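Q: Given the coordinates of chain Y, assemble chains X and B onto it according to the supplied hints.
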Amino acid sequence: MLRFIARRLLTAIPVLFGVVILVFILARVIPGDPCKAALGERATPQVCDAYTEREGLNDPLPVQLGRYLGDLLHGDLGDSSSQRRPVSDILIERLPTTIELSMAALGLAILIGVPLGILAARKRNSATDVVTMVGANVGVSMPVFWLGLMLQYLFAVTLKNTALALPPSGRLTPGTIPPPFFETWGLSGNGVLDFLSNFELLNAALQWRWDLFWDAFQHLILPAIALATIPTAIIARMTRSSLLDALGLDYVRTARAKGLRESGVVVRHALRNSLLPVVTVIGLSLGTLIGGAILTETIFGLSGVGKTVFDAITARDYTVVQGFTLVIAVGLVLVNLLTDIVYTFLDPRVRVT
Amino acid sequence: MSDSEPLLDISELRTWFFTGDGIVKAVDGVDLSVRKGEVLGLVGESGSGKSVTMFSALRLVATPGRIVGGSVRFDGVDVLGMPVKELRQIRGDRITMVFQQPNSSLNPCYRAGHQIAEVYRVHQHMRRAERDERAVEMLRKVGIPDPGRRARAFPHQLSGGMAQRVMIAMALAAGPELLIADEPTTALDVTIQAQILELMAQLRFELGTAMVLITHDLGVVAEMADRVAVMYAGQIVEETATRALFAEPLHPYTRGLIGSVPVIGRRQDELSVIPGRVPNLIDLPAGCRFAPRCEARIEAGLTRCIDEMPALVEVTPGHRVRCFLHSDAAESATPVTIGSVRR
Amino acid sequence: MTAIDPVVPDPFEPPISPQGVELGPTLRSRGLWRDALRATFRTRSAQVGSAFLLLLVLLAVFAPLIAPYGPNEVLLDTGVSVREKPCIHLFGCSDDKPQHIMGIDGNGRDEFSRIVYGARVSMLSGVVCVTIGLVIGTLLGLVAGFYGRAADSVIMRCMDVLLAFPALLLAITIVTVLGRGLVNAIIAISLVSIPIYARIVRASVLSIRELDFVAADRALGVRNRRILWHRVFPNALTPLVVQATLGIATAVLEVAALSFLGLGVQPPTAEWGSMLASERNNVFTAFFLVLFPGIMIMINVLAFNLLGDGLRDALDPRLNK
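Protein chains in written order, with numbering that gives the first Met the number 0: chain Y, 0 to 352; chain X, 0 to 342; chain B, 0 to 320.
Treat the hints with caution; some may be incorrect.
[Unchecked claim] In silico SDA-like pairs for lysine to any residue, Cα to Cα no more than 25 Å straight-line: (1) X/K24 - Y/D249; (2) Y/K159 - Y/F212; (3) X/K84 - Y/S125; (4) B/K84 - Y/L158; (5) B/K84 - B/N280; (6) Y/K122 - Y/D244; (7) X/K24 - X/R276; (8) Y/K122 - X/M81; (9) X/K35 - X/R87; (10) Y/K159 - B/F287; (11) X/K24 - Y/L248; (12) X/K35 - X/G174; (13) X/K24 - Y/G247; (14) X/K84 - Y/L118; (15) Y/K122 - X/R87; (16) Y/K159 - Y/Q217; (17) X/K24 - X/R58; (18) B/K96 - B/A66; (19) X/K24 - X/R72; (20) X/K84 - Y/L248; (21) B/K84 - Y/A155; (22) Y/K122 - B/R43; (23) X/K84 - Y/G263; (24) Y/K122 - B/Q46; (25) Y/K122 - B/L314; (26) X/K140 - X/E222; (27) X/K84 - Y/S262; (28) Y/K122 - B/D312; (29) B/K84 - Y/F154; (30) Y/K159 - B/R82; (31) Y/K122 - X/P63; (32) X/K84 - Y/E261.
[To be verified] Across the chosen pairs, the derived CB separations fall in these ranges: (33) Y/L153 - B/P67: 29 to 35 Å; (34) X/A285 - B/R222: 53 to 59 Å; (35) B/I87 - Y/L153: 21 to 27 Å; (36) B/P67 - Y/L71: 56 to 62 Å; (37) Y/P59 - B/L57: 55 to 61 Å.
None of these hints come from the bench; they were simulated from the model.
Keep in mind it's a predicted model, so treat the numbers as computed, not measured.
Built from N, CA and C at the ideal position, the CB exists for glycine as well.
With the rest of the complex left out, here is chain Y:
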């Protein structure tokens, strides 16, 4: 078992290396003058020369790469040229928002998608099945940004003065500055605690501030729904087809011949095996979620990783682009690795090495 994990980690390393190099190249290839981007259009050539020299941008590429790798191993992602602070600081501030959004969307997608898929499979070819699958098809076809705008209109305008009204943008009500939980606890902040306190929901819960929690929660609903639609549809379809496949298999017939109740057959025998592809799909969905997060954050005004990267690209802020893209890509590789490992736990057949 451990051998398997070790082997998977080993295959991930060249990929990670390739990712770093690709990010490095891409960041360098973005057109535009990094000096002007950092110091403004009016920077004089002399100032620019000094800047270039200081940042080591004149050194040959392999040297720059080497320096970059060295910095990485120290956890130094460089400084943002547009915001004048370390990239890692920006990361600590913004990554939690995206994670909260993605987790919320993923949770929604699983909670709604899996039962829907099971329902559709159980009542195969019935009206329920057809409606669910048509719905799933439509869901998968909806552009996230459009759905987000529609939801904004629906909940912030049409339902404005009703109980169902939801705020259209922002992470919290404007002007709300929640205290970080570690301050309330009397601790001083460091990187990790800072990071954790930026999870608004967690932060509020840890301080027993349920008003803050509710505020953060409300602001998360619409973006989460918009983002969750496509993964929900995918998960529902995969669950259904996987379950249908499993229900046609020999060992399901054996279970019936043993006299199990239909619910027992489905849950104990068919579901166990059919959930495996669903787990894979869930792992893969994370990539879609991050991509969709870029769009969702832009529409709903959430300061997350996606929006930051996009703004940075526009502002020619290489270090931010590099740092964030790297973190995202590495994160995805690790998530895929995790999915593989979870899969191995669930399927005894794969365990034999």
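A: Just chains X and B now, with coordinates in the frame of chain Y:
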């Protein structure tokens, strides 16, 4: 229940498959019975309907198949009409099945012992420890060495023969009155085949279980079965005691089957085959389904077979045939010889 | 005694009976393809999908005939105002006002005309993206799967690296490198989609490579390239075709997303994603200007998804009826 009443009584069973290409009449008017403790061999080619017949008896037929007619009675009770709850109590407990592909018929996610113990969980009230113990005991009974350790094995860790033993253990766990074995040895090596058959014969004597042995292998039938029913294109064409079948096969199809088995030691230049092919089950001829391939019919100059369907008639005590050659003769009481009897 | 020249029949030419009749199905035999198409169009999904598709293709091809105005024709001097609500005479709008069934956009142009012309961009870009990605991906997959070992490792690692990034993020980065515009957006999305096709083809190749009929070909001395083209490739076609159809759906969405972010189609070209983008901030006042382009994107994507589903259901050999 008196001993003369059959344990399982299938009458005029029809199971059809409603597909996009047409209605496949997989089982079309089958009459079968199995007595207590008896072993019935159900013989036929692939597609003859033998498996579907027995699946129908347990109502295990999946869409697009449906039982459209006939009756199945087990221990005097109507199976086809009974509520599902009662049916589930019979399945796995009084009537059990062993399937063809042992490795795919076991759930790959659960250990062997667990799957056997599941029978006890569903049908009897036992504590977990006792269930597991009994499962190990069953494994020992089917001849698996080191059953305690094997019970913890997953199906993919078992060889074909072992997996089949596990399936047999699972089928016999609750001490059923009837065991239906669907080609239990087809997917196994020849040497393992022999072992499994031996095991089944032994268990049958120990437990007195009645069996229906579905197979296309006449050798298996000769060894194990008390009575044999031969199926062709969804119907029974001949049914009698095993000895009688091999001593004097009546239906031309049966004769062809027996004749096509090569005999060790006998010189043959060509394998003898039955000419022609099995009819399309969607597009069946009006008369006898074997008529297009029947050489005997031509030799005897019968044309009745093409238009009329012969009925399954008892021509000698305990020996039923579906063939005009014999039912006509039985009526007129003249012995019939059809060609030379090949042995 | 004359030497008999053994004629090795070309395994890829259809066997000919003595009477000159072609026997048996081959890649060129129309029977297989026709069966596949017929099976596909029996599925409800494919029927609905192709209906939508037909509608969109008609819109795209006959745009000048269907649209009442040009896509960039500013109509402010005809008495309409910017972002005016739709006026449909059939539904009660007074006859003296000019009819604009989807209203006027933020620059005074007829929204409906822009929607119709937008069909051209969307359909075309989706198809082109997939074609490029498919061709390159297939080549890579064939090479990786067939020639194995070193080629396989290198190619698949590169594919893994590409797949490690979220597609949209990578596309955004590439477009930034190449510069904004529809062409660059198409290139970016094609690049991002290559690994998917490469993986599918490679998987097919791996599963076919070891089968007996390939070994037979090799024993006959058939050259690798011919084996690849005539044996391996046709078997990889099924999952490829399904994925390509679904891929067009994804590509359309991604082009729209890029345009929405300002990186794809540039104004004043009419494209549904950029039309959404320009009216984004007016969703509360001119809701219809956001609704219609979005619905069109959805119909476009849905059409290809349904078609792809129908293809998958029809071509999947596991479905026994």
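Q: Looking back at the hints listed earlier, which ones does the structure fail to meet?
A: Violated hints: none at all, because every hint is consistent with the structure.
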